[in-house]
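Protein chains: 4
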Amino acid sequence: SRFEYVKTFEQDFPMLPNTYLVVRVDGRSFHKFTTEHEFTKPNDTKGLGLMNDCALSVFREFPDVVLGYGQSDEYSFVLRRSSNLYSRRASKITTGIVSVFAASYVYLWPKWFLTKPLKYVPSFDGRIVAYPSDQNIRDYISWRQADCHINNLYNTCFWNLVLRSGMTEAEANKALQGTQAAQKNEILFQKFQINYNQESAMFRKGSILVRAKLKQQKQQQQQTAPDVSAPMVDSVPSASSTPDVEILHDDVIGQTFWDTYTILQ
Amino acid sequence: SRFEYVKTFEQDFPMLPNTYLVVRVDGRSFHKFTTEHEFTKPNDTKGLGLMNDCALSVFREFPDVVLGYGQSDEYSFVLRRSSNLYSRRASKITTGIVSVFAASYVYLWPKWFLTKPLKYVPSFDGRIVAYPSDQNIRDYISWRQADCHINNLYNTCFWNLVLRSGMTEAEANKALQGTQAAQKNEILFQKFQINYNQESAMFRKGSILVRAKLKQQKQQQQQTAPDVSAPMVDSVPSASSTPDVEILHDDVIGQTFWDTYTILQ
Amino acid sequence: SRFEYVKTFEQDFPMLPNTYLVVRVDGRSFHKFTTEHEFTKPNDTKGLGLMNDCALSVFREFPDVVLGYGQSDEYSFVLRRSSNLYSRRASKITTGIVSVFAASYVYLWPKWFLTKPLKYVPSFDGRIVAYPSDQNIRDYISWRQADCHINNLYNTCFWNLVLRSGMTEAEANKALQGTQAAQKNEILFQKFQINYNQESAMFRKGSILVRAKLKQQKQQQQQTAPDVSAPMVDSVPSASSTPDVEILHDDVIGQTFWDTYTILQ
Amino acid sequence: SRFEYVKTFEQDFPMLPNTYLVVRVDGRSFHKFTTEHEFTKPNDTKGLGLMNDCALSVFREFPDVVLGYGQSDEYSFVLRRSSNLYSRRASKITTGIVSVFAASYVYLWPKWFLTKPLKYVPSFDGRIVAYPSDQNIRDYISWRQADCHINNLYNTCFWNLVLRSGMTEAEANKALQGTQAAQKNEILFQKFQINYNQESAMFRKGSILVRAKLKQQKQQQQQTAPDVSAPMVDSVPSASSTPDVEILHDDVIGQTFWDTYTILQ
Ligand SMILES: Nc1nc2c(ncn2[C@H]2C[C@H](O)[C@@H](COP(=O)(O)OP(=O)(O)OP(=O)(O)O)O2)c(=O)[nH]1
Ligand SMILES: Nc1nc2c(ncn2[C@H]2C[C@H](O)[C@@H](COP(=O)(O)OP(=O)(O)OP(=O)(O)O)O2)c(=O)[nH]1
Ligand SMILES: Nc1nc2c(ncn2[C@H]2C[C@H](O)[C@@H](COP(=O)(O)OP(=O)(O)OP(=O)(O)O)O2)c(=O)[nH]1
Ligand SMILES: Nc1nc2c(ncn2[C@H]2C[C@H](O)[C@@H](COP(=O)(O)OP(=O)(O)OP(=O)(O)O)O2)c(=O)[nH]1
Ligand SMILES: O=P(O)(O)OP(=O)(O)OP(=O)(O)O
Ligand SMILES: O=P(O)(O)OP(=O)(O)OP(=O)(O)O
Ligand SMILES: O=P(O)(O)OP(=O)(O)OP(=O)(O)O
Ligand SMILES: O=P(O)(O)OP(=O)(O)OP(=O)(O)O
Ligand SMILES: [Mg+2]
Ligand SMILES: [Mg+2]
Ligand SMILES: [Mg+2]
Ligand SMILES: [Mg+2]
Ligand SMILES: [Mg+2]
Ligand SMILES: [Mg+2]
Ligand SMILES: [Mg+2]
Ligand SMILES: [Mg+2]
Ligand SMILES: [Mg+2]
Ligand SMILES: [Mg+2]
Ligand SMILES: [Mg+2]
Ligand SMILES: [Mg+2]
Numbered sequence: 001s002r003f004e005y006v007k008t009f010e011q012d013f014p015m016l017p018n019t020y021l022v023v024r025v026d027g028r029s030f031h032k033f034t035t036e037h038e039f040t041k042p043n044d045t046k047g048l049g050l051m052n053d054c055a056l057s058v059f060r061e062f063p064d065v066v067l068g069y070g071q072s073d074e075y076s077f078v079l080r081r082s083s084n085l086y087s088r089r090a091s092k093i094t095t096g097i098v099s100v101f102a103a104s105y106v107y108l109w110p111k112w113f114l115t116k117p118l119k120y121v122p123s124f125d126g127r128i129v130a131y132p133s134d135q136n137i138r139d140y141i142s143w144r145q146a147d148c149h150i151n152n153l154y155n156t157c158f159w160n161l162v163l164r165s166g167m168t169e170a171e172a173n174k175a176l177q178g179t180q181a182a183q184k185n186e187i188l189f190q191k192f193q194i195n196y197n198q199e200s201a202m203f204r205k206g207s208i209l210v211r212a213k214l215k216q217q218k219q220q221q222q223q224t225a226p227d228v229s230a231p232m233v234d235s236v237p238s239a240s241s242t243p244d245v246e247i248l249h250d251d252v253i254g255q256t257f258w259d260t261y262t263i264l265q
Numbered sequence: 001s002r003f004e005y006v007k008t009f010e011q012d013f014p015m016l017p018n019t020y021l022v023v024r025v026d027g028r029s030f031h032k033f034t035t036e037h038e039f040t041k042p043n044d045t046k047g048l049g050l051m052n053d054c055a056l057s058v059f060r061e062f063p064d065v066v067l068g069y070g071q072s073d074e075y076s077f078v079l080r081r082s083s084n085l086y087s088r089r090a091s092k093i094t095t096g097i098v099s100v101f102a103a104s105y106v107y108l109w110p111k112w113f114l115t116k117p118l119k120y121v122p123s124f125d126g127r128i129v130a131y132p133s134d135q136n137i138r139d140y141i142s143w144r145q146a147d148c149h150i151n152n153l154y155n156t157c158f159w160n161l162v163l164r165s166g167m168t169e170a171e172a173n174k175a176l177q178g179t180q181a182a183q184k185n186e187i188l189f190q191k192f193q194i195n196y197n198q199e200s201a202m203f204r205k206g207s208i209l210v211r212a213k214l215k216q217q218k219q220q221q222q223q224t225a226p227d228v229s230a231p232m233v234d235s236v237p238s239a240s241s242t243p244d245v246e247i248l249h250d251d252v253i254g255q256t257f258w259d260t261y262t263i264l265q
Numbered sequence: 001s002r003f004e005y006v007k008t009f010e011q012d013f014p015m016l017p018n019t020y021l022v023v024r025v026d027g028r029s030f031h032k033f034t035t036e037h038e039f040t041k042p043n044d045t046k047g048l049g050l051m052n053d054c055a056l057s058v059f060r061e062f063p064d065v066v067l068g069y070g071q072s073d074e075y076s077f078v079l080r081r082s083s084n085l086y087s088r089r090a091s092k093i094t095t096g097i098v099s100v101f102a103a104s105y106v107y108l109w110p111k112w113f114l115t116k117p118l119k120y121v122p123s124f125d126g127r128i129v130a131y132p133s134d135q136n137i138r139d140y141i142s143w144r145q146a147d148c149h150i151n152n153l154y155n156t157c158f159w160n161l162v163l164r165s166g167m168t169e170a171e172a173n174k175a176l177q178g179t180q181a182a183q184k185n186e187i188l189f190q191k192f193q194i195n196y197n198q199e200s201a202m203f204r205k206g207s208i209l210v211r212a213k214l215k216q217q218k219q220q221q222q223q224t225a226p227d228v229s230a231p232m233v234d235s236v237p238s239a240s241s242t243p244d245v246e247i248l249h250d251d252v253i254g255q256t257f258w259d260t261y262t263i264l265q
Numbered sequence: 001s002r003f004e005y006v007k008t009f010e011q012d013f014p015m016l017p018n019t020y021l022v023v024r025v026d027g028r029s030f031h032k033f034t035t036e037h038e039f040t041k042p043n044d045t046k047g048l049g050l051m052n053d054c055a056l057s058v059f060r061e062f063p064d065v066v067l068g069y070g071q072s073d074e075y076s077f078v079l080r081r082s083s084n085l086y087s088r089r090a091s092k093i094t095t096g097i098v099s100v101f102a103a104s105y106v107y108l109w110p111k112w113f114l115t116k117p118l119k120y121v122p123s124f125d126g127r128i129v130a131y132p133s134d135q136n137i138r139d140y141i142s143w144r145q146a147d148c149h150i151n152n153l154y155n156t157c158f159w160n161l162v163l164r165s166g167m168t169e170a171e172a173n174k175a176l177q178g179t180q181a182a183q184k185n186e187i188l189f190q191k192f193q194i195n196y197n198q199e200s201a202m203f204r205k206g207s208i209l210v211r212a213k214l215k216q217q218k219q220q221q222q223q224t225a226p227d228v229s230a231p232m233v234d235s236v237p238s239a240s241s242t243p244d245v246e247i248l249h250d251d252v253i254g255q256t257f258w259d260t261y262t263i264l265q
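Residue numbers (this note's numbering), protein chains in the order written: chain S, 1 to 265; chain L, 1 to 265; chain C, 1 to 265; chain R, 1 to 265.
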């Protein structure tokens, strides 16, 4: 038809070849969403389990995804650097992943929250970023895990002060202002007998998704130090229904993880 | 942390100011999805109603959306040219809309399909395009409606030939090859006593969403010609729960629609 | 060869169709260049004439350029909105224009500066911007002319204070700080008997290049008000060797210019 | 002023960090330019020397350029991967380099062509491409050198057939159609007693510019094989006036060059 010329206004943006592609999705206004749905503070085990389950959907749908990392209301997905998914068109990849994630969140909600009603539709923003080197992509994942650590240590103190010491939110905020990590550990231990390192690894480290086939055979000797933290509460359905994807809550800043799994190549 | 530098790799792409922005979402592999969920061929009234309902979610969430147009497994949303939504960042706008749409599709599924189970998670791709002039944006909408017309006329013939004349799909395809619109109308009328112009307007014209406040007051006189087509089957829930948005199935290629609604400004 | 895959890393960026394209070139480090080559302060008639002559080269080389505007060390070129030059590829258009301009500056230098040696190679940066509407492109040109006016009024005061009142640059700067346009006019008139409006129009308004064929026939009646400013010193070679391009020093903020020349269509 | 909003329409495109940036400039319509200026066929030593001299200008102006490669009417410049030149803004880098190159071509013309007049202004297009890995950037340079080899072998045969065997251009073209490299070498040797490997290295390999400080100290042992080809005709001015930049005509496809110069880091 004489209208078809409008198609030529589409500006395709292909991502640079030979780079790792990261798609990060993040809950839109999840401060409100988690409040309205009365998520446990600061961490809701079922909420995080649901996020991991949505990430598994993404792994099933996009074979080029080699690594996932989730914490709070966000999830990052790494595509292998040689991926030619959708000819690396930025919009296609980003919207494919974000819409699988968002639709899965609603689809899987009842599996995790049973009869608790979903009051309204949750949604996610998404972006795609290219990382040229192995170091860059490791630093990216480290950045998100460091962010997880900082926020979770703070939030654990904050909500214990509010919920168990009876402080107002303003008071708790003031009490923590300017404190270093060591001091926050101290507060937790002195006031609440909490050894932060024994808190749930999922809360402290976030969740890592990797394809099992990428696990190195010789990994017996390279064992990560045993995790002494509290075992994950298992009164929730298992997200791990896809046999070939593992969910870990390990450190990804050090070398061990990257020796154990051949993510980068 | 020392990892924060990776944030600088994000490449923001702001859409050109003073242009109409169109976000088009399209079902990913809906050939498969509609088959597996046994949608009526060629048009499933409930499926289209659900699409319209998802579009209403988008209207509720994004006040800058002034026009929606849907047909088949796709929906286009037009943002006013002065919109500063997310500072016009391409990814933010596109992923916001596509994830509201995708999550709504799952959320609203039971409202339209009752107990029919959703077998797996549907998803949508999305793209954003800038149109500089009023004529360009009208031509865009006309392009989609012309596409709807061409496909629907073809599909109506095709599925009547297959389902009512017992042709194989290959035979039906061959019978229609090279035929003009007039011949297709003739086939429908001669073989099946179908007056194509009396088919459901939603099937023939697609669905238009507009905010009621954009309706011109003087529109009594500028009335569009009464639609003589079959009334929409109303055994389905009403999508029109948002009072300020109207769902139309009118012609948008001619002048009347644009005189009736002040979309462009 | 097996190396050809590297060609696929090129990321073409086509400019949005149906928009005016502006390429603006600007002298790189012309503060230094004009100082080293002892340009007259604040305006060097030969220097500006050379800039106009370079712009004429651009007009000769690129028929889609419909308007040029120059002042100081910069020149803007407007391409008609329907231009399909290099399929609107951003790099091709920008580098084509900037390199014609830069090479012409060296090529034409002796025509304007005779035996004065060019001490080193001048160069220019360039950028391309899309403007969707007629108003936008008019505002763009107005922006540059308003910039010309503000800078030139200031510089005229500044250099008169320095060169004729014996102020240091710091003193002149301080004397002008916070002054309004009216006050600057007053200073010029009281201290130096200069009626700013009678200064050279090229200095006050900059230079406009238009193709003669775009001049309206009925323009006799729509005559612009006669320019009472000082005539351009004509001891310099004529840049206007291309008969079909006119060099004007008119106001382009008001309506008259746009009625006289059919630039926008 | 009220016009300043138009500045916001500029869409800056920063190149991805941590990638090698290549700017390639290429003569615009140099088929015509070299013909009109009667360049020697297929290689004009003075013309190539001028190109190298322009590239030296680029090296002087942009310290982040670590490698240059030139052949025919084109030159490529590699910026180190950590470069933050102009915050990596694509237009600024590209236009800076292309305009230095183009202006230098005119500026240095008389140094190489003496009194031969420059009939009109030459110009160059330019583009910028990001390469993520060391292998990619080596392959890029290899691509250009392989292109040089293929074209030069062909052109050497072609012009000898035309100029020394009296063939028409059509006949020469036909004679060479479908021939392999070995056959072309044979033609040269049998018909014209030309040992292609002893042709000027600049013609066969192109020109490489490197900063002397990047030369490895231990390079005595890693010596490249002595070049037995014809010495460069030296009746032309020396382009190598910048002491810290070396002009080579070596092989860059093999390993030796990259061991000798620390370009990549
Ligand atoms: N109670 C509770 N809240 C959570 C949990 N996970 C995330 N949240 C909340 C905490 C934050 O308010 C919010 C995530 O912060 P963001 O920076 O993403 O902000 P938000 O999503 O509100 O806005 P955005 O649309 O992303 O700009 O989600 C959880 O497990 N439990
Ligand atoms: N039976 C039935 N099928 C429909 C209806 N609406 C859309 N479809 C089907 C027909 C097409 O096979 C498909 C839409 O065509 P597309 O070109 O979007 O292809 P598809 O979504 O399969 O692939 P894509 O991921 O978009 O490239 O959806 C409907 O109401 N009823
Ligand atoms: N004396 C004299 N100077 C002029 C004339 N035209 C321009 N200039 C000088 C004044 C300014 O210092 C300079 C233009 O200012 P810009 O903002 O473009 O700065 P500049 O080119 O130094 O740096 P840039 O590379 O553009 O960031 O050129 C002239 O006619 N006479
Ligand atoms: N005679 C002669 N011609 C040369 C020499 N170096 C380059 N050329 C000519 C041969 C080609 O016709 C032309 C370069 O080919 P291109 O593919 O760059 O084409 P051209 O510049 O004509 O068009 P373009 O604007 O780049 O698309 O320059 C030389 O040393 N001697
Ligand atoms: O999806 P199609 O085939 O209708 O055409 P398109 O949407 O323009 O193609 P793509 O989805 O690949 O952009
Ligand atoms: O969303 P924030 O505040 O964590 O930070 P951001 O995601 O970098 O900001 P934006 O969502 O606006 O890109
Ligand atoms: O100019 P060519 O033909 O060598 O090939 P190209 O440079 O890749 O083409 P273009 O100049 O159009 O980008
Ligand atoms: O160069 P300036 O300072 O006039 O301002 P600009 O041109 O907008 O800045 P840049 O050259 O850095 O784009
Ligand atoms: Mg955010
Ligand atoms: Mg969020
Ligand atoms: Mg978040
Ligand atoms: Mg498609
Ligand atoms: Mg589809
Ligand atoms: Mg479709
Ligand atoms: Mg500037
Ligand atoms: Mg300047
Ligand atoms: Mg300037
Ligand atoms: Mg080319
Ligand atoms: Mg060329
Ligand atoms: Mg070339």
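By construction, these hints were calculated from the structure, which means they are not laboratory data. Warning: the hint list may mix true and false statements.
Note: identical chains are not told apart, hence a pair may lie in one copy or across any two.
[To be verified] In silico SDA-like cross-links for lysine to any residue, where the CA-CA straight-line distance does not exceed 20 Å: (1) Lys92 to Phe30; (2) Lys111 to Pro63; (3) Lys116 to Phe30; (4) Lys32 to Tyr86; (5) Lys174 to Arg211; (6) Lys215 to Tyr86; (7) Lys213 to Arg2; (8) Lys215 to Asn195; (9) Lys92 to Pro14; (10) Lys111 to His149; (11) Lys32 to Pro117; (12) Lys92 to Asp26; (13) Lys41 to Phe13; (14) Lys41 to Lys116; (15) Lys92 to Asp73; (16) Lys174 to Asp26; (17) Lys174 to Glu186; (18) Lys213 to Pro110; (19) Lys119 to Phe30; (20) Lys7 to Arg127; (21) Lys32 to Arg2.
Status of the hints after comparison with the structure:
Taking the shortest Cα distances, Lys92 and Phe30 sit within 20 Å of each other only across copies (15 Å), while inside one copy they are farther apart (25 Å). For the homomeric pair Lys111 and Pro63, neither the shortest alpha-carbon distance inside one copy (24 Å) nor that between copies (33 Å) is at most 20 Å. Proximity of Lys116 and Phe30 under a CA criterion of 20 Å is satisfied intra-copy only: 17 Å inside one chain copy versus 30 Å between copies. Within a single copy, Lys32 and Tyr86 get their C-alpha atoms only as close as 34 Å, which misses the 20 Å cut-off; across copies the closest is 19 Å, which meets it.
Taking the shortest Cα distances, Lys174 and Arg211 never come within 20 Å of each other, neither inside one copy (43 Å) nor across copies (46 Å). For a Cα distance limit of 20 Å, the shortest separation of Lys215 from Tyr86 qualifies neither inside one copy, at 27 Å, nor across copies, at 41 Å. In this assembly of identical chains, Lys213 and Arg2 lie within 20 Å of each other by CA distance neither inside one copy nor across copies; the values are 52 Å within and 31 Å between. Taking the shortest Cα distances, Lys215 and Asn195 never come within 20 Å of each other, neither inside one copy (31 Å) nor across copies (56 Å).
For the identical chains of this complex, Lys92 and Pro14 are neighbours both inside a copy (10 Å) and across copies (17 Å), given an alpha-carbon limit of 20 Å. Taking the closest pair of Cα atoms, Lys111 and His149 never come within 20 Å of each other, the shortest separation being 28 Å inside a single copy and 41 Å across copies. Taking the closest pair of Cα atoms, Lys32 and Pro117 come within 20 Å of each other only inside a single copy of the chain (16 Å); across copies the shortest separation is 30 Å, beyond that limit. For a Cα distance limit of 20 Å, the shortest separation of Lys92 from Asp26 qualifies both inside one copy, at 18 Å, and across copies, at 11 Å.
For the homomeric pair Lys41 and Phe13, neither the shortest alpha-carbon distance inside one copy (40 Å) nor that between copies (35 Å) is at most 20 Å. For the homomeric pair Lys41 and Lys116, the shortest alpha-carbon distance inside one copy (17 Å) is at most 20 Å, but the shortest distance between copies (36 Å) is not. In this homomeric assembly, Lys92 and Asp73 come within 20 Å of each other (Cα to Cα) only across copies, at 16 Å, whereas the closest approach inside a single copy is 22 Å. For the homomeric pair Lys174 and Asp26, neither the shortest alpha-carbon distance inside one copy (28 Å) nor that between copies (49 Å) is at most 20 Å.
Taking the closest pair of Cα atoms, Lys174 and Glu186 come within 20 Å of each other only inside a single copy of the chain (16 Å); across copies the shortest separation is 58 Å, beyond that limit. For a Cα distance limit of 20 Å, the shortest separation of Lys213 from Pro110 qualifies neither inside one copy, at 30 Å, nor across copies, at 38 Å. Taking CA atoms no more than 20 Å apart as the test, Lys119 paired with Phe30 passes inside one copy only; the shortest distance there is 13 Å, against 27 Å between copies. With identical chains, the CA atoms of Lys7 and Arg127 are at most 20 Å apart between copies only, with a shortest distance of 12 Å across copies and 24 Å within one.
Taking the shortest Cα distances, Lys32 and Arg2 never come within 20 Å of each other, neither inside one copy (47 Å) nor across copies (31 Å).
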